[in-house]
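Dock chain U against the given chain B, drawing on the hints supplied.
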Amino acid sequence: MLSITRRSALGLMGATAGSLIMPRMAFSQGKRPSVTIAVQKITNNNTLDIWNEQSNVGERVFFPNFWEGLILRDWMGSQGPVPGLATEWKRIDDKTLELKLRQGVKFHNGDELTSDDVVFSFSAQRLFGDTQPAGGKTIFADEHKPTTAKELPASVPGIGRRLWPALAGVEAVDKYTVRFHNATPDVTLEGRLYAFGSQIANRRAWDEAATYADWARKPVTTGPYMVGEYKPDVSLTLVAFDEYWGGRPPLEEIRFVEVPEVSSRVNGLLSGEYDFACDLPPDQIGAVRAASGFEVQGSTILNHRISVFNVQNPVLADPLVRRAMTHSIDRQAIVDALWAGQTVIPDGLQFSSYGDMFIKDWKAPEYNPQLAQDLLKQAGYKGDPIPFRLLNNYYTNQTANGQVMVEMWKQVGLNVQIEMKENWGQIHDPSGVKGVRDWSASANINDPVTPMVAQFGPNSEVQQKKDWTNAEANELSVVLETSTDPALRKKAFARMLEICEREDPVYQVLHQNAVFTGMKSSLKWKAAPAFAMDFRASNWTM
Amino acid sequence: MIRFVLTRLLRAVMTIFAVVTFAFVVLRMSGDPAQVMLGPDVPQDAVDAFRKAWGLDQPLWVQYLAYIKSIFSGDFGVSMRDKVSALQLVLERIPATLQLTLPALLLKLLIGIPAGVYAALHRQSFADRGVILLAIFGFTIPSFVMGLLLVLIFSVILGVLPSGGQDTWMHSILPTITMSIGGIGILARFSRSAMIEVMGQPYIRTASAKGLKWSDVVWGHALPNAAVPIVTIVGFMVGSLIAGAVVVESIFSWPGIGRLLVVSVTNRDLAVVQCILLMIAATMVISNLVVDLLYGWLDPRLRAQTAH
Numbered sequence: 001m002l003s004i005t006r007r008s009a010l011g012l013m014g015a016t017a018g019s020l021i022m023p024r025m026a027f028s029q030g031k032r033p034s035v036t037i038a039v040q041k042i043t044n045n046n047t048l049d050i051w052n053e054q055s056n057v058g059e060r061v062f063f064p065n066f067w068e069g070l071i072l073r074d075w076m077g078s079q080g081p082v083p084g085l086a087t088e089w090k091r092i093d094d095k096t097l098e099l100k101l102r103q104g105v106k107f108h109n110g111d112e113l114t115s116d117d118v119v120f121s122f123s124a125q126r127l128f129g130d131t132q133p134a135g136g137k138t139i140f141a142d143e144h145k146p147t148t149a150k151e152l153p154a155s156v157p158g159i160g161r162r163l164w165p166a167l168a169g170v171e172a173v174d175k176y177t178v179r180f181h182n183a184t185p186d187v188t189l190e191g192r193l194y195a196f197g198s199q200i201a202n203r204r205a206w207d208e209a210a211t212y213a214d215w216a217r218k219p220v221t222t223g224p225y226m227v228g229e230y231k232p233d234v235s236l237t238l239v240a241f242d243e244y245w246g247g248r249p250p251l252e253e254i255r256f257v258e259v260p261e262v263s264s265r266v267n268g269l270l271s272g273e274y275d276f277a278c279d280l281p282p283d284q285i286g287a288v289r290a291a292s293g294f295e296v297q298g299s300t301i302l303n304h305r306i307s308v309f310n311v312q313n314p315v316l317a318d319p320l321v322r323r324a325m326t327h328s329i330d331r332q333a334i335v336d337a338l339w340a341g342q343t344v345i346p347d348g349l350q351f352s353s354y355g356d357m358f359i360k361d362w363k364a365p366e367y368n369p370q371l372a373q374d375l376l377k378q379a380g381y382k383g384d385p386i387p388f389r390l391l392n393n394y395y396t397n398q399t400a401n402g403q404v405m406v407e408m409w410k411q412v413g414l415n416v417q418i419e420m421k422e423n424w425g426q427i428h429d430p431s432g433v434k435g436v437r438d439w440s441a442s443a444n445i446n447d448p449v450t451p452m453v454a455q456f457g458p459n460s461e462v463q464q465k466k467d468w469t470n471a472e473a474n475e476l477s478v479v480l481e482t483s484t485d486p487a488l489r490k491k492a493f494a495r496m497l498e499i500c501e502r503e504d505p506v507y508q509v510l511h512q513n514a515v516f517t518g519m520k521s522s523l524k525w526k527a528a529p530a531f532a533m534d535f536r537a538s539n540w541t542m
Numbered sequence: 001m002i003r004f005v006l007t008r009l010l011r012a013v014m015t016i017f018a019v020v021t022f023a024f025v026v027l028r029m030s031g032d033p034a035q036v037m038l039g040p041d042v043p044q045d046a047v048d049a050f051r052k053a054w055g056l057d058q059p060l061w062v063q064y065l066a067y068i069k070s071i072f073s074g075d076f077g078v079s080m081r082d083k084v085s086a087l088q089l090v091l092e093r094i095p096a097t098l099q100l101t102l103p104a105l106l107l108k109l110l111i112g113i114p115a116g117v118y119a120a121l122h123r124q125s126f127a128d129r130g131v132i133l134l135a136i137f138g139f140t141i142p143s144f145v146m147g148l149l150l151v152l153i154f155s156v157i158l159g160v161l162p163s164g165g166q167d168t169w170m171h172s173i174l175p176t177i178t179m180s181i182g183g184i185g186i187l188a189r190f191s192r193s194a195m196i197e198v199m200g201q202p203y204i205r206t207a208s209a210k211g212l213k214w215s216d217v218v219w220g221h222a223l224p225n226a227a228v229p230i231v232t233i234v235g236f237m238v239g240s241l242i243a244g245a246v247v248v249e250s251i252f253s254w255p256g257i258g259r260l261l262v263v264s265v266t267n268r269d270l271a272v273v274q275c276i277l278l279m280i281a282a283t284m285v286i287s288n289l290v291v292d293l294l295y296g297w298l299d300p301r302l303r304a305q306t307a308h
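Sequence lines, in order, name chains B and U. The numbers in my numbering rise by one with no breaks, and the one at position 429 of the first sequence is 429. The numbers in my numbering rise by one with no breaks, and the one at position 253 of the second sequence is 253.
Be a bit skeptical, because a hint or two may be false.
[Stated by the list, open to error] For lysine to aspartate or glutamate, the following EDC-like pairs were computed, each having C-alpha atoms within a straight-line distance of at most 20 Å:
no. : chain 1 : residue 1 : chain 2 : residue 2
1   : B       : K41       : U       : D167
2   : U       : K52       : B       : D116
3   : B       : K410      : B       : E366
4   : U       : K52       : B       : D130
5   : U       : K83       : B       : E151
6   : B       : K106      : B       : D116
If you are wondering where the hints come from, they were derived from the structure by calculation, not from laboratory data.
If we strip away everything but chain B, and leave its shape as in the complex, we get:
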């Protein structure tokens, strides 16, 4: 016969309660949730190398979960700098920046981060190839050609020099101290350190990889998540790195799956297969919001949609015609009709994240059809056709936006003709007559050197392809890049805006770009004002 005493009964009840509670406690400390994110594209170049995959889609899978720099971007806040793999930094002089590395940071392979990894990350072997800083020999002399599998892709050094045109080298002062030496004075060195590309890679992992392709499919970094499995064009699984210096990551796995069709992404979200559906066009927002248990998060990002003029075109050689084109566009009507009012018209080619460098009284060209007609009359415009090379929705709403602009131009008497193109090669094809084309401009660092100097300065693609040039703007670009006087730099930037948007327009701003993500409402997560998706502990509540 079973005898139960008060003591044994209490013990049994305690054991029962324990057996019920303990596994849950263990669960909460061990097993974490995983998320599946449907994206239009994981990467464009099928690599996870920050210098090879300089794209919006790359930003999403890289930051801030995988790649980390000495200085990090404040993705969920001001977009400004915050300490990262470096805890502090100071200027030695106009050309030199010294940084103290965070101690105890581990790479995914267990190595400790040291100055050696930083030097390697900005070395000729990893980034610059045989290029030299500004003032040295021409970037990429004709003899450059990959000879071994480990050699960098031919495009990487050129891209590296775009962000670091005058970086002479990185010096390892001691195990935890590095100095960046620039060939010219540069007030934006700190900004360049948290821009896309300046993140730190593990040296040993590079040395151990048989080929560049092998390394680029699974780079070893310090981020909170590491590469679990990467199937190019199919999926990328990032898994938690529990030795992360910033604390245990809140998710077990982040799985990005490539779903090229927007309707398939939305359907997969609504059927519960995906937790997030990215790259939603504005016309899909209503459908997701209308479904119970789902929401859409999104905001403007540090990227403006613009259109660019080619002054080789005899009609567009006259700045009055270009000015007329900028005053013919009702930007607010486009934002209301195509973006459901979900984005804004910027104050010219600048961003509020510039801080003190922001020109407060500058605006986008006003919509004034009468002024546009007067300008065309002054220019003696006779209705000659202006070609508009247009891609089919490379940018969100691009085709519809192009069609609307052509009709607006037509209203003031401009004869702009759309030529649909399939790719950027056709857009830039030097044969035939160019006219207008679409583009976008990003603020990679919180300073007017991006995008103004990077995209329209003397070494920009626009000038290399002979779309446009302006001697005064080029001189001002040098001031912006090398001067350390804030007042002089701000004055130079203001004057560049006048030249590039009014006097001798090279582009016109249209609207700020925005990104929208559908998600399950039950997830306690916030979207950043960027393509980047933050899955660190600070942005995920259980």
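Same frame as chain B, now just chain U:
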């Protein structure tokens, strides 16, 4: 017969050669691969370096001769995106595509032909009209509409099947059905027409009049004679086993040859596109060759014509 086979083999080789040349020229005339691959924001130095590294700065005829020389030695080139052999990339994707196209082909054959034959044998009946209606429905609805409709019903509303991906065998159900519906409709329609035509022939009346069982008349005399147009259609379907999944693979995020082709064309990954087109052309040509040979086997009159 040998002359018949050799003539068709020669034609097949010439067709493949024409496809390869056409693809080579068109791909290079329709946009600079360096600019496409690197995107709109890279400096001109990077674009120039890329062109040089991949030999795109050479005259077109030099590139073409080098390409022809390499494919004759079994080298199909290297992917500009993945830096691995184009042939390896293509071969890796073929099983995924066949995972959809083979069951889809089987469904087409097992449902389409019997449905068409049944409708022909029960002409003007309710079943006949039903088959015609479903067949028209099947081949007139584009696969991207059908795919999305099936996803809406079975994934979003009922929640019983996954909407995309390749994780489990369940993921292949909707894309396989989507791929097969159009083909079922086409085969049903052709089988019905062919059977109706044959059933009106004097030799069918003769066979019936001499007391053969109805099933023997249908299986022994009608169906073999109706098979020639059906085999032609099936030949096209077999030929497109590799190429036929472009739209469906995109809708269902299925990592097969179709997706690879779309991505490679978009990125102007020349070696991969050329390798896929070469493979598709070869499959189609071989399929047509087999169909030609089957004609001779199915219809002795064709053999006799060739012999003379």
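Structure-based check of all given hints:
{"no.": "1", "hint": "B:K41 - U:D167", "verdict": "holds, 18 Å"}
{"no.": "2", "hint": "U:K52 - B:D116", "verdict": "violated, 33 Å"}
{"no.": "3", "hint": "B:K410 - B:E366", "verdict": "holds, 17 Å"}
{"no.": "4", "hint": "U:K52 - B:D130", "verdict": "holds, 15 Å"}
{"no.": "5", "hint": "U:K83 - B:E151", "verdict": "holds, 12 Å"}
{"no.": "6", "hint": "B:K106 - B:D116", "verdict": "holds, 14 Å"}
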